[in-house]
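Peer 1: Residue numbers (the numbering used here), protein chains in the order written: chain A, 1 to 279; chain B, 280 to 542; chain C, 543 to 896.
Keep in mind that a hint or two might mislead.
[What the hints assert, rightly or not] Derived contacts from chain B toward chain A, CB cut-off under 10 Å, selection only:
{"#": "1", "residue": "V293"}
{"#": "2", "residue": "L343"}
{"#": "3", "residue": "I374"}
{"#": "4", "residue": "I381"}
{"#": "5", "residue": "A487"}
{"#": "6", "residue": "F494"}
{"#": "7", "residue": "A511"}
{"#": "8", "residue": "I515"}
[As the list claims (entries may be wrong)] Derived CB-CB ranges, DEER-like:
{"#": "9", "chain 1": "C", "residue 1": "R603", "chain 2": "A", "residue 2": "W88", "range": "45 to 51 Å"}
{"#": "10", "chain 1": "B", "residue 1": "R284", "chain 2": "C", "residue 2": "D565", "range": "27 to 33 Å"}
{"#": "11", "chain 1": "A", "residue 1": "V44", "chain 2": "C", "residue 2": "V649", "range": "53 to 59 Å"}
{"#": "12", "chain 1": "C", "residue 1": "K727", "chain 2": "B", "residue 2": "R284", "range": "57 to 63 Å"}
{"#": "13", "chain 1": "A", "residue 1": "V258", "chain 2": "C", "residue 2": "E671", "range": "42 to 48 Å"}
{"#": "14", "chain 1": "C", "residue 1": "D565", "chain 2": "A", "residue 2": "W88", "range": "31 to 37 Å"}
{"#": "15", "chain 1": "C", "residue 1": "N769", "chain 2": "A", "residue 2": "L194", "range": "35 to 41 Å"}
Source of the hints: derived by calculation from the structure; they are not laboratory data. Glycine is no exception: its CB is placed at the ideal position from the N, C-alpha and C atoms.
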Amino acid sequence: MSLAWLGVMPFLLFALLFLVLPTMQIIVGSFRNAAGEFTLDNIVNLFQPSIMAAYWISIRISVASALLGCLVGFLMAWAMVLGGLPGWLRSPLLTFSGVASNFAGIPLAFAFLATFGRLGLVTLILRDWFGINIYAMGFNILSFGGLTLTYLFFQIPLTILIMTPALDGMRREWREAASILGASPFQYWRMVALPILWPSLLGTFALLFANAFGAVATAYALTGSSLSIVPILLFAQIRGDVLQDPHLGYALAFGMIVITGIANFIYIWLRARSERWVK
Amino acid sequence: MKINRFWSWLFFGVGALYFVLPLISTAEFSLKMRRGAYTPDAYWTVLADPRFQQTFTYSVLMALATIAFGVLLVVPTAYWVRLKLPRWRPVLEFITLLPLIIPPIVIVFGYIRLYNTSSWLPLTGSAMGTNLLLMFGYVILSLPYMYRAVDTGLRAIDVATLTEAAQSLGAGWVTILTRVILPNVAVAVLSGAFITFAIVIGEFVMAALLNRPSFGPYMQLLGANRAYEPAALAVIAFAITWGCMALIQFVSKFAPRAPGAQH
Amino acid sequence: MPEPFLSIQHVRKSFGATTVVQDFNLDVEAGEFISFLGPSGCGKTTVLRMVAGFEEPSGGRIVIGGKDVTGLKPNQRNIGMVFQAYALFPNLTVAQNIGFGLKVAGVARAEIDSRVAEMLDIIKLPASEFGARYPYQLSGGQQQRIALARALAPRPKVLLLDEPLSALDAKVRVSLREEIRSIQKKLGITTIFVTHDQEEALSISDRIVVMYGGKAEQVGTAFEIYNRPATRFVAGFVGTLNVLEGRLGNAGKVQVGSGEIVLREEPADVRSGDIVSLALRPEAIALGRRAGDDAVLAGEIADVHFLGSVIRVRVRAGDSIVSLDTFNNPATPPPRIGDKVEISFSSGDVMLLN
Ligand SMILES: Nc1ncnc2c1ncn2[C@@H]1O[C@H](COP(=O)(O)OP(=O)(O)OP(=O)(O)O)[C@@H](O)[C@H]1O
Ligand SMILES: [Mg+2]
Numbered sequence: 001m002s003l004a005w006l007g008v009m010p011f012l013l014f015a016l017l018f019l020v021l022p023t024m025q026i027i028v029g030s031f032r033n034a035a036g037e038f039t040l041d042n043i044v045n046l047f048q049p050s051i052m053a054a055y056w057i058s059i060r061i062s063v064a065s066a067l068l069g070c071l072v073g074f075l076m077a078w079a080m081v082l083g084g085l086p087g088w089l090r091s092p093l094l095t096f097s098g099v100a101s102n103f104a105g106i107p108l109a110f111a112f113l114a115t116f117g118r119l120g121l122v123t124l125i126l127r128d129w130f131g132i133n134i135y136a137m138g139f140n141i142l143s144f145g146g147l148t149l150t151y152l153f154f155q156i157p158l159t160i161l162i163m164t165p166a167l168d169g170m171r172r173e174w175r176e177a178a179s180i181l182g183a184s185p186f187q188y189w190r191m192v193a194l195p196i197l198w199p200s201l202l203g204t205f206a207l208l209f210a211n212a213f214g215a216v217a218t219a220y221a222l223t224g225s226s227l228s229i230v231p232i233l234l235f236a237q238i239r240g241d242v243l244q245d246p247h248l249g250y251a252l253a254f255g256m257i258v259i260t261g262i263a264n265f266i267y268i269w270l271r272a273r274s275e276r277w278v279k
Numbered sequence: 280m281k282i283n284r285f286w287s288w289l290f291f292g293v294g295a296l297y298f299v300l301p302l303i304s305t306a307e308f309s310l311k312m313r314r315g316a317y318t319p320d321a322y323w324t325v326l327a328d329p330r331f332q333q334t335f336t337y338s339v340l341m342a343l344a345t346i347a348f349g350v351l352l353v354v355p356t357a358y359w360v361r362l363k364l365p366r367w368r369p370v371l372e373f374i375t376l377l378p379l380i381i382p383p384i385v386i387v388f389g390y391i392r393l394y395n396t397s398s399w400l401p402l403t404g405s406a407m408g409t410n411l412l413l414m415f416g417y418v419i420l421s422l423p424y425m426y427r428a429v430d431t432g433l434r435a436i437d438v439a440t441l442t443e444a445a446q447s448l449g450a451g452w453v454t455i456l457t458r459v460i461l462p463n464v465a466v467a468v469l470s471g472a473f474i475t476f477a478i479v480i481g482e483f484v485m486a487a488l489l490n491r492p493s494f495g496p497y498m499q500l501l502g503a504n505r506a507y508e509p510a511a512l513a514v515i516a517f518a519i520t521w522g523c524m525a526l527i528q529f530v531s532k533f534a535p536r537a538p539g540a541q542h
Numbered sequence: 543m544p545e546p547f548l549s550i551q552h553v554r555k556s557f558g559a560t561t562v563v564q565d566f567n568l569d570v571e572a573g574e575f576i577s578f579l580g581p582s583g584c585g586k587t588t589v590l591r592m593v594a595g596f597e598e599p600s601g602g603r604i605v606i607g608g609k610d611v612t613g614l615k616p617n618q619r620n621i622g623m624v625f626q627a628y629a630l631f632p633n634l635t636v637a638q639n640i641g642f643g644l645k646v647a648g649v650a651r652a653e654i655d656s657r658v659a660e661m662l663d664i665i666k667l668p669a670s671e672f673g674a675r676y677p678y679q680l681s682g683g684q685q686q687r688i689a690l691a692r693a694l695a696p697r698p699k700v701l702l703l704d705e706p707l708s709a710l711d712a713k714v715r716v717s718l719r720e721e722i723r724s725i726q727k728k729l730g731i732t733t734i735f736v737t738h739d740q741e742e743a744l745s746i747s748d749r750i751v752v753m754y755g756g757k758a759e760q761v762g763t764a765f766e767i768y769n770r771p772a773t774r775f776v777a778g779f780v781g782t783l784n785v786l787e788g789r790l791g792n793a794g795k796v797q798v799g800s801g802e803i804v805l806r807e808e809p810a811d812v813r814s815g816d817i818v819s820l821a822l823r824p825e826a827i828a829l830g831r832r833a834g835d836d837a838v839l840a841g842e843i844a845d846v847h848f849l850g851s852v853i854r855v856r857v858r859a860g861d862s863i864v865s866l867d868t869f870n871n872p873a874t875p876p877p878r879i880g881d882k883v884e885i886s887f888s889s890g891d892v893m894l895l896n
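Let's have the full structure, built from the sequences with the hints guiding it.
Peer 2: Here it is in structure tokens:
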């Protein structure tokens with residue numbers, strides 16, 4: 001019996017202590033009451049209108065920012081890799097994507113307040129130069145639309161970073177073979193290119209979704225507690241037990257794990273289905 | 280082909296506009312502190328603030344500790360898995376992906392409950408213990424990037440041959456790791472380190488919930504109370520992130536290349 | 543010559559300032575198998591891609607079946623093409639790959655299925671075993687057969703193959719090229735086959751186009767190209783060639799080392815006293831004096847390569863080294879290095895290079 005497995009024990013122990021056990025603690029805690037007995041009450045209590053609303057808006061923001069991020073990021077990566085843009089654009093765009101995808105959290109909120117806030121540069125330019133008052137038209141940076149717009153700042157570059165290698169892998173021969181066999185560009189995209197890129201796109205979407213769903217800092221700095229999305233609710237709960245029920249906090253966190261878990265499960269399932277042709 | 284180019288430029292242009300506008304706006308806003316003139320006053324105010332200096336120093340130290348611990352944890356593990364336990368790779372990959380799926384706020388919530396003063400390992404009982412816990416949390420957050428960077432770096436070199444060669448010269452494990460493997464994956468490790476730095480320096484949730492005086496919560500506090508300084512902070516933070524990424528680009532020029540590998 | 547089916551007329555192609563194809567002309571008869579042969583970078587692929595419609599000619603016309611296709615898109619040309627490698631759609635099964643061209647043309651399901659079965663039959667891969675596989679589950683040779691079947695399935699008017707065998711190993715290469723040729727003959731499809739392997743070109747083509755520097759140096763049958771190369775490049779590129787330097791004397795006599803060769807025809811544009819280059823195929827030269835040969839040179843064995851049924855011997859004659867082939871004869875041992883020998887050949891086989 002080889003003892004080689006001992007070599008990964010420090011790592012596994014660390015992951016157990018600071019990743020797995022803390023998560024298990026939350027999951028188990030959400031099925032316990034204050035006396036430590038098994039209960040489903042916490043889960044049931046999640047189904048009150050205010051909490052459901054928080055989940056709902058969180059999901060909407062995450063889906064919207066992930067979808068738009070995938071779409072715009074994909075189009076930009078496509079333009080760069082296959083769309084005939086000059087080659088020198090590639091390196092700066094990828095570097096910038098690396099920066100922007102890591103430029104999240106508090107400073108990002110500041111940047112968007114300075115841009116689309118009530119006194120933001122774009123807001124003022126649109127108002128003073130073009131006579132368009134976006135706030136009078138119902139826009140608010142502290143809202144669903146505003147938060148989605150802000151999240152796109154890291155979602156789009158993340159997509160560019162993930163999709164660029166995938167697009168690089170699209171062989172010119174595939175497009176040419178399709179075309180000489182009589183396929184229109186649209187048919188090529190529908191029957192060959194998109195199916196090949198689909199797993200990467202799905203993976204990007206799942207990652208972007210989880211990314212937006214768990215993000216606290218940007219939303220908190222942008223909106224304080226005025227926009228009640230789940231991570232902010234949980235943040236407030238951990239800080240001050242605003243729900244007056246510590247175990248409801250567990251359930252709230254458990255719900256987050258379940259949703260990102262479902263998103264990733266769907267991703268893995270779809271990927272397995274769409275990737276039968278991969279080794 | 281012409282049509283094609285047109286759409287390409289359009290997508291690119293719209294995207295570029297979306298990314299450039301906030302940067303310009305923020306820079307412009309940060310210079311407007313004094314009425315009617317563009318001055319760097321906001322930057323001086325921020326930089327002169329002792330709490331800025333304290334929290335920034337704290338976060339830098341925290342980032343360095345995270346990097347040191349992360350490297351010590353990840354490099355031997357990734358090396359060992361490449362060398363002896365290739366079957367375990369999927370397991371390790373899965374574990375290192377988890378932090379992208381489980382929200383950090385959930386992880387830190389778990390810490391608070393698991394390592395509180397009345398638990399078996401009361402890390403949050405002392406300032407030092409909490410610092411340690413926060414650092415562990417950051418190691419977890421940076422794991423997806425650190426592990427992937429190092430593993431990619433190891434793929435580019437022939438781990439088995441290098442190891443055997445070193446062993447045949449009588450080198451022990453510590454020597455092999457520090458003198459043979461580490462220098463060869465130094466570029467990968469540095470890339471991981473810079474990303475870790477960028478993540479840790481502005482991290483908010485974990486620090487706020489563990490109540491540590493770091494840069495993230497400081498920025499949040501400033502944002503809630505001031506108008507122009509936050510924009511200056513955003514510019515500074517952007518510059519730091521940009522610096523980290525530029526350094527990654529710079530060091531990857533020195534990476535050993537895998538035979539036939541594209542990157 | 544009957545009306546050509548495919549006609550490439552004065553076609554040029556420049557990328558920016560560099561011209562990679564210049565004034566290329568070729569008429570191909572219906573059902574003919576043409577090879578483009580030439581060194582790397584000589585423009586073979588570029589000409590093929592212009593026929594396919596992937597590149598737009600900078601000048602000239604391409605006519606297929608009496609119709610000018612120069613301005614048509616690839617998907618309007620009804621051409622089949624086989625690429626060098628890895629051009630199968632990885633996300634589609636073998637059957638879906640082969641049926642692709644028919645599906646995009648809106649052919650009915652049942653007909654697609656029967657055509658796919660027919661194609662798999664032609665390339666000798668049983669449908670039951672291979673139809674549902676994905677490309678990654680096939681060997682390189684099988685992939686190229688499928689690629690051929692996919693190109694042929696829509697019944698194209700012209701088939702283009704761009705080095706379809708170069709990614710395969712030697713054995714497969716030989717068997718597959720013969721299979722390609724026999725399928726081509728059976729279907730009678732007009733075919734252009736690009737290769738830089740001369741053996742490949744010589745063995746399967748009706749005619750060969752030898753290309754060099756973006757131009758067609760010579761167009762002809764394998765026999766013509768090999769035995770009567772039109773230019774020095776063709777002579778040197780196709781087959782092994784011995785070049786003897788000699789001084790031209792009177793009445794077509796050429797002094798080579800210690801020997802003398804009398805040319806059948808007196809060269810036109812050289813004067814006596816000039817140095818001329820004479821070319822000879824190895825198989826035209828015999829070791830020793832062969833009956834009927836009118837040219838004899840003395841030399842010394844420089845090198846002996848045993849190649850199996852053939853022995854390639856290199857002989858130093860004067861300043862030149864001459865390669866020649868003799869058949870292996872189990873009864874007599876091969877010559878040894880340093881042996882003094884004579885070589886002979888017929889002056890009718892000598893080509894004068896200029
Ligand atoms: N898109 C392009 N832009 C610029 N130059 C090109 C382009 N495509 C081909 N060339 C040049 O044209 C010349 C001919 O290329 P081509 O691919 O036709 O050669 P080839 O005969 O097929 O060579 P090989 O045997 O290596 O495939 C080469 O010098 C090549 O560099
Ligand atoms: Mg070529």
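Peer 1: Broken hints, numbered, in rising order?
Peer 2: 2, 9, 12, 15
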